[in-house]
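So the protein lines, in turn, are chains A and B.
Numbering (my numbering) for the first sequence: 281 to 638.
Numbering (my numbering) for the second sequence: 9 to 1085.
Derived from the structure by calculation, the hints contain no laboratory data.
Since this is a predicted model, take the numbers as computed values, not measurements.
C-beta atoms are modelled at their ideal positions from N, C-alpha and C, and glycine is treated no differently.
Warning: the hint list may mix true and false statements.
[Unchecked claim] Straight-line alpha carbon distances no greater than 20 Å define the calculated EDC-like cross-link-like pairs of lysine to aspartate or glutamate that follow:
(1) K381/B x D311/B
(2) K767/B x D783/B
(3) K359/B x D624/B
(4) K358/B x D597/A
(5) K1004/B x D977/B
(6) K398/A x E933/B
(7) K967/B x E986/B
(8) K813/B x E986/B
(9) K398/A x D565/B
(10) K58/B x E720/B
(11) K374/A x E95/B
(12) K346/A x E92/B
(13) K346/A x D311/B
(14) K359/B x E288/A
(15) K574/B x D564/B
(16) K1072/B x E1085/B
(17) K389/B x E243/B
(18) K566/A x D311/B
(19) K398/A x E563/B
(20) K666/B x D624/B
(21) K644/B x D701/B
(22) K416/A x D499/B
(23) K551/B x D597/A
(24) K352/A x E243/B
(25) K374/A x E243/B
(26) K566/A x E229/B
(27) K381/B x D462/B
(28) K441/B x E637/B
[To be verified] Derived Cβ-Cβ restraints for the label pairs, each shown as a range:
(29) K58/B x G564/A: 28 to 34 Å
(30) S344/A x L438/B: 33 to 39 Å
(31) Y449/A x R165/B: 36 to 42 Å
(32) G564/A x A1082/B: 47 to 53 Å
(33) S344/A x R533/B: 50 to 56 Å
(34) E569/B x G543/A: 31 to 37 Å
(35) Y547/A x R26/B: 51 to 57 Å
(36) K571/B x D431/A: 53 to 59 Å
(37) Y449/A x R281/B: 21 to 27 Å
(38) E516/A x R165/B: 56 to 62 Å
So the chains spell out like this:
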Amino acid sequence: MRAVLVLEDGSVWPGEGFGAFAKVSGEVVFNTGMVGYPESITDPSYHGQILCQTYPLIGNYGVSPKAFESDKPKIWGYIVSELCEVPSHASSEKTLDVWLKESAIPGISGVDTRALTKKLRLHGVMRGILETYYTKADLAALRREARLIPDPNKRHLVGEVSVKRIKAYNKDRKKCVAVIDCGMKLNILQCLLRREAKVVRFPADTPFEKIMEYAPAGVLVSNGPGDPKQCAATIETLRRMMAANLPLFGICLGNQLLALAAGADTYKLKFGHRSQNQPCLEEGTKRCYITSQNHGFAVDVRTLPKGWAPWFRNANDGTNEGIRHLNKPFRSVQFHPEAAPGPTDTEFLFDEFLESLP
Amino acid sequence: MSRVLSKGKPAGGAGEGRVSKVLLLGSGALKIGEAGEFDYSGSQAIKALKEESLEVVLINPNIATIQTSEFMADKIYFLPVTPEFVEKVIAREKPDGILLSFGGQTALNCGVALAQSGVLERHGVRVLGTPISVIEDTEDRERFNARLAEIGLKSPRGMAATTIEGGLRIARTIGYPVMARVAFALGGRGSGLSQNETELKEALKKAFAHAPQVLIEEYLEGWKEVEYEVVRDREDNCVTVCNMENFDPMGIHTGESIVIAPSQTLTNEEYHRLRAIAIRAVRHLGIVGECNIQYALHPRTGDYRIIEVNARLSRSSALASKATGYPLAFIAAKLVLGHDLPGLLNSITKKTTACFEPALDYLVVKIPRWDLKKFRRVSKKIGSEMKSVGEVMAIGRSFEEALQKATRMLQIGVYGMVGNDSYSFEDLELELKHPTDERLFGIAEALKHGWTVDRIHQLTRIDRWFITKIKAIVDLEADIRGRGLAGLNRDRMLLAKKKGFSDKQIAILTGSRESEVRARRERLRVRPAVKQIDTLAAEYPAKTNYLYTTYHGTEDDVRFERKNKKVMVLGSGSYSIGSSVEFDWCCVSAVLALKRLGCETLMVNYNPETVSTDYDICDRLYFEELSFERVLDIYKRENPRGIILAMGGQIPNNIAMKCHKAGLRILGTSPESIDTAENRFKFGRLLDGLGIDQPEWRELRSAREARTFAREAGYPVLVRPSYVLSGAAMSVVFDEKDLETILKRAARVSPQYPVVISKFILNAKEIELDAVAKDGRIVASAVVEHIENAGVHSGDATMVLPPQKTYIETMRRVRETGRKIAAALRITGPFNIQFIAKDNAVKVIECNLRASRSFPFVSKVTKVNFIDLAVEAMLGRTPRSLKSTLDLNYVGVKAPQFSFSRLKGADPTLGVEMASTGEVACLGEDASEALLKSLLSAGYTLPRKSILLSIGSRTDKQKFLHAAEELRDLGLTIYATEQTSLFLRQHGVAAILLHKVHERRTPNIRDFLRERKIEFVVSVPDPARKAAFDSDYELRRMAVDFSIPLLTNLQIADLFAHALAQKKDADLLVKHWAEYE
C-alpha cells in the first residue's frame, strides 16, 4: 500500500502506507518522544490531529493495551520514518500496523520526518491530508483539498472525546475528587486512584450544580484537545467553582481553562510542545523539572488577573507552564504530571493536590 | 561552547569559598578499559575551567593527548598519576581544589588514596564535585548495595562466602542458578555458573583452591543491559541525558558490547521507570556532576537490578556525549564548580537550557574494536572483562544503516554485515553461545544458513528485534545478488542504501565495480542527505555543525557555500593497536592550525572517544565513515579547497590514491608519492636510484620462492605483507618450518597483496626521523632513537629524544638520507622514516608520508609543533625554519603502555607485531630520570628488595652482567633461574636459584610470585630458541597475572638497572613542562 501526505502549502510527502486504507485530514503536529507511541496514539489530546514522530523507528515493541491512555487510538493519522513490522517485546499483543488497521487509522512511513518537522517548526502547525492507496493518488485533487481543510480547532473537540456519562471509581473511599474529563488520559485517573482517592468523572460540559451534588473535596480539570476557548460551558463551571473556593487542579488544557476562567487569555503556539523533554522551572526556585507535554495553546501570563501568578515557566522558550492563585487553592500545570508517555518527575503534584484537599 | 547564564556566580565546590587554582588528574596512558575517552573528558573539563578564569594544573604523562597541549592547561606535568607524585605536585602548586572524575579509574583511585591518607586535607585541597565518601559508596560493593537498599532499590543479590557450606547457604537464599566469582584467580579459574547444589559444591571446591573468598551472585543471564547517563547539580536538579541499550545481554562487559542509543526495545514504562530509579539512586547517593548507571532488565517480567554506578565520566559518557551532542564532560565540570543546570546553556542550540534531556531523531550504534589477532596465545572469547582497544560509533536513521556503517568503520576488512569473504566458523553454534569478537558476523552467517531468529535468540539471548534487523540485511543481500546491478531500480537501490549497503558492497554482490554502482546510483538520484545532530529533534532551530549522512532523508539540513577556504581533514578512525590518540592530536592540531590560517575546517571521523569529534573543534564535523564513498559524497557537496589526509594515520592514507584518481584535490605530498613510499617495490627502486641502503628484501608470491629467498638471505628473516599498519601479520622467522605457517596467516590478512620477505638484522639500533618538508625541502626534523634494538615494533619501543647513544656520523647519515628521500618524493607535509643503524651504516626500513605516531612526542619535547609547520607547508606557505632539535637541555623518553593483564593468556613479549595500547612520555634532566618517570607512568613500580632475573642467551647474560652487579649493589636480593643464576654466580653475583614454573621443583618461581616475594621480573627470552621461549611463557604470564612489573627486552632492562642505580626518588624532579627550557 502506498500513501501520501499533502499539506495545506501544497507540499507532497510520498511514502509507504500502513494501518487503514483511508483518507483523513487534520492538523499535522510532531512529537519528539523516543518511546511511548501507544500512549501518544491513544492520547485524546491528539483528537483531530495527524501525528508525526520525529524518532525514526516506531513500533519496535509492538502494542500492549496496558499502555493505552484511552480506549482506542485518538490520532487521526500517523506519520513515521520507519515502521517496525516485526516488533519484539513480551507484552506485545499485535503490531502497530495491525492495530491501526483495526482502528481505521491510516499511517505513512518512509517520510523524512525531520524535514517535515522543520517545516512545521518554521511555518507553524499546518493542516494536511493523509491518504493511503493501492493504485494511484490524485495529487492535484489532494492539493486543492488540502487548502480547504477546515480548522479542527474551530470545533468543540473536547465534546467529541469527553466521557459521555458520569462514572465513579474507588467508591468506598472517602476523599472525593471530581474530574472534569476534557479528554482525560487514563493515567491521570490511575494516579488519583493509586492514591486512594474516590474519583467521579464528569463529561466536560457538566454543569456546576451537577458536580456539586457529589460534594467533591477538590476538582481536577484534565487535558484535552483543541482550543480551550471552545469549552465555554466548562469555563463557566470553573468560574463558579472558583467563586465557591473549591480546590482546583488543572492539567494541560485544564491549565488553559483555569486561566480563562480566572479571566486571563490564551493563545495558539506556533507549533506547540509535544515531547518528553520540556524543562520547566518552578518560579522563584532553582528547581527545573523535565516534563512530558502535548499542547498547542498556551496561557498568556501578561493577562493573568490580580491574585494569580505564574507557577512554572518553560526553561527553553519562557512560555507559561503553570499558574496558581496566591491565596486560594487553584493551581494548574501545562505539562503532564501523570507522564505516560514521558518522565515521571512531577507525579508528586498529585500528592500535593490530594494532601491539600480538606 | 556553553556560556554561563547566571552572573557572578563564584566557582566553588562542595564547601564554601572561592576556588582559583585547580588540579586536574588525567588518566595516563591509553590502556584497555581506559582509553581516549578521558582525553575527551579532560579536554572538555579544561575548557570549562578556563572559561571560569581558573588556573588549571594538569598531571598526565600521556604526551599524545590534546589535553596536554600548550593551549590547554596552564601548567602541565608529564608525571605519573600516582599518590606519590601527585602529592609532590600539590605541595608545590598548592591548588585549592582537585578534580577526580575526568581521568577515569586511575584519577579516581589516586584521589581516593590521597584523601584516605590525609594528603588532601593536610594541603587544604578540596575535592570538587562528588565527595570522596560518595565515591567510596559506589566503589565498594557491599556499601553500594547497602546504600541502594536504604531506599528499596535492587542490586544483584549476592554475598561473599569463605567456606563451601557458607557458599551453599548463600545459594539457597538466592536460588539457582547462581554465579560463583573468584575475586582473584589466575585465568579466571573457579568462576562460573552452577545450576544446582551439586554443581556449586564442585565449583566451590575448585574455587577455594585458588582464593579464600568466593562471591555467590544471582545469575542474570539473558537480562537486557541498559545504561543511563545522569547529571545532577547542587540544587538537586537531576536529568538523564541519554539511555543506551546493549545489543549483547548481561554477561558481556558493556565495553565489549555493541551499544545502541537510545534504547530500542524498551517500552515507555520501562524506559521511564529505570530513568526514575536512576534519578532516585543518584540523589540518594549524593553525586554532583556526571555519572553512569547500569541496569540489568528482565526481558519478560521487567524486574531490574542496578549493576553499578560510576561516579565519574566514563567510556559510556563519552559515547553518550557524541551520541546526543550534549557535552557531558563540559557540563559536569561546570556543575562541579557549583553552577546549576538551568543556568547553563545547551551548547548546540545556544538558546535553550542545558537542563533537559536530548531527543534524538536518529540512532547510534557503537561497536567495540578488538585487535586480538595482534597477540599470541590470547583467548578470543569475550565476556565480563574488557579486551577491546577502541570503538566506532555510527549514526543513522535506521538500525541497519547505522549497523552496517559501524561494521565498515571497524576497518577490519569487512564491507558491512554481508558480502564479506573473511568469515567462516568452525562451530557456529559454539560461536553464538560462547562469543568471540566475531559473533556479530556469526549471526549473519547463521541467518544465511537459514537458522531462525528464535534459534539464534536462544543461543545468544540477543533480543529478537536486533536479530530480525540483521535478517533484513541478509535477506536484502540475497535479493541484490539475484537482481544484479541492472536490476536495481530506484526503489531497490534506495532500499539497499537505506539498509546501509555501501557502493562497494553492492558492487561485490552484483559482480560490478564500485564506480559503476556509484554511477548508477547517482543516475537514479539516490544520494545521502546531510542531517544535523541538534539534541532537540528539530524542535528548535539549531546552528549546530555536528553532521551525519543518511539515506532516510530527502533534504539536507545545511547549505553548502562555495568557498575556497574550506579544507577537509580526515580523522584516524577507531583506536586500535598502532593507531591511537596520537593521530587524534595530529588531527586536532591540524584543524586548529588551519583555523589560525583563516581556513574553514571540515572534520571527518567516527571515533566517539576523540577530541577531533568534538563539534566545537572544527567548523563542520561529519561523524562519518572514512571510506572513499563517503569522503566523495561530502567532498562533492562541500567542494573544499582540498583534503588533508596525512594526519589520521593509515586509514586516510589508504584512500589517497582512489581520491586522487577521482580528481579530488589532496593537499600536501602527491598521492603518487604516497603510493611510491607505501609500495615496497616502487620504494625499493627509488632507494636504489638514490643510493640509499635498505635491508635485503624480495616480494614473493609463492611459498617456494619465499623459501629460496630466505635461504639465500639467511635466517632470521622478516615476513610481511604490503600496506600494513603496526605490523599485522608481520613476523620474524628463524627457520624454514615457521615460514610456511606464517605465510598462510599473512595471506589471510591481505590476500590482494603479495608477501615481502626481508633480511632481519640482529643487534642493530633503530632510529626514526620525524620531519616536515615543503616541496621536497625539509623545514623541521627530529631524530629519535629507540632503546630497544631493531626487531621491537616502533610502537612498542622506548624512544629517547634527543638521542643519547647515537653516533654523530649516524645522525648525519640519517638526516642526509631524509633529505634525499624528501627531495625525491617532493614531500610537502609530515613524514617519518625508520632506520636501522649498525656501525654507522644506516638502512631505511620504512617511510611514511604522513604524520607518525611520535609526532606529538617530538613536537612537545622540542616545543615545535610539527603539525603547525606541516599545515603551513601544505597550504603552500613557507614555514619558518627551526632550531635544532639536538639543542635541548633535557631529555624526553616515551615508553609504551601494555595491557597484557587484560588479555587473558596473551604472551607479554615484544616483537615486530605491535602490542602496546598506549604510551606515556616524561621529561628529565637526563635519560635515566626520564626513563624512570616514564616507566612509573606506565604502571611499573620500582623494586626495593628483590628482583628475578631470567636471561635467555649466553650473549645476553654477558651483556646484562654489569646491570646485575648494579642491582646487587643496590642491595636487591637477586633471584634467578637455573642457567642465569649459575652464570651470575660464576661471575661473582650472588643469586638465589628458583626453578621455572614448568619445572615443578621447589623453590619455584610460581610460589615466590604468588607470595609476592619478587617485586620485579626481568625475563629476556631468546626468540631463536623456541622451546625455551615457550617454556618461559608461564613465567612471563604469571608476572602479568600477579601484577608484578616485567621487562622482557635486554636493552631496556639494562638501562633500567643503570637508571635505578643512578637515581634516588628525590632525583625524579617535579617540574612542569614549561620549566624545561
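Evaluation of the provided hints:
| no. | hint | verdict |
| --- | --- | --- |
| 1 | K381/B x D311/B | violated, 39 Å |
| 2 | K767/B x D783/B | violated, 33 Å |
| 3 | K359/B x D624/B | holds, 16 Å |
| 4 | K358/B x D597/A | holds, 12 Å |
| 5 | K1004/B x D977/B | violated, 25 Å |
| 6 | K398/A x E933/B | violated, 61 Å |
| 7 | K967/B x E986/B | holds, 18 Å |
| 8 | K813/B x E986/B | violated, 33 Å |
| 9 | K398/A x D565/B | holds, 9 Å |
| 10 | K58/B x E720/B | violated, 63 Å |
| 11 | K374/A x E95/B | violated, 63 Å |
| 12 | K346/A x E92/B | violated, 59 Å |
| 13 | K346/A x D311/B | holds, 17 Å |
| 14 | K359/B x E288/A | violated, 30 Å |
| 15 | K574/B x D564/B | holds, 19 Å |
| 16 | K1072/B x E1085/B | violated, 23 Å |
| 17 | K389/B x E243/B | violated, 45 Å |
| 18 | K566/A x D311/B | violated, 34 Å |
| 19 | K398/A x E563/B | holds, 10 Å |
| 20 | K666/B x D624/B | violated, 30 Å |
| 21 | K644/B x D701/B | violated, 43 Å |
| 22 | K416/A x D499/B | holds, 17 Å |
| 23 | K551/B x D597/A | holds, 17 Å |
| 24 | K352/A x E243/B | violated, 41 Å |
| 25 | K374/A x E243/B | violated, 44 Å |
| 26 | K566/A x E229/B | violated, 43 Å |
| 27 | K381/B x D462/B | violated, 31 Å |
| 28 | K441/B x E637/B | violated, 35 Å |
| 29 | K58/B x G564/A: 28 to 34 Å | holds, 33 Å |
| 30 | S344/A x L438/B: 33 to 39 Å | holds, 36 Å |
| 31 | Y449/A x R165/B: 36 to 42 Å | holds, 38 Å |
| 32 | G564/A x A1082/B: 47 to 53 Å | holds, 48 Å |
| 33 | S344/A x R533/B: 50 to 56 Å | violated, 41 Å |
| 34 | E569/B x G543/A: 31 to 37 Å | violated, 52 Å |
| 35 | Y547/A x R26/B: 51 to 57 Å | violated, 45 Å |
| 36 | K571/B x D431/A: 53 to 59 Å | violated, 45 Å |
| 37 | Y449/A x R281/B: 21 to 27 Å | holds, 24 Å |
| 38 | E516/A x R165/B: 56 to 62 Å | holds, 58 Å |
Hint check: violations occur at hints 1, 2, 5, 6, 8, 10, 11, 12, 14, 16, 17, 18, 20, 21, 24, 25, 26, 27, 28, 33, 34, 35, 36; the rest are consistent with the structure.
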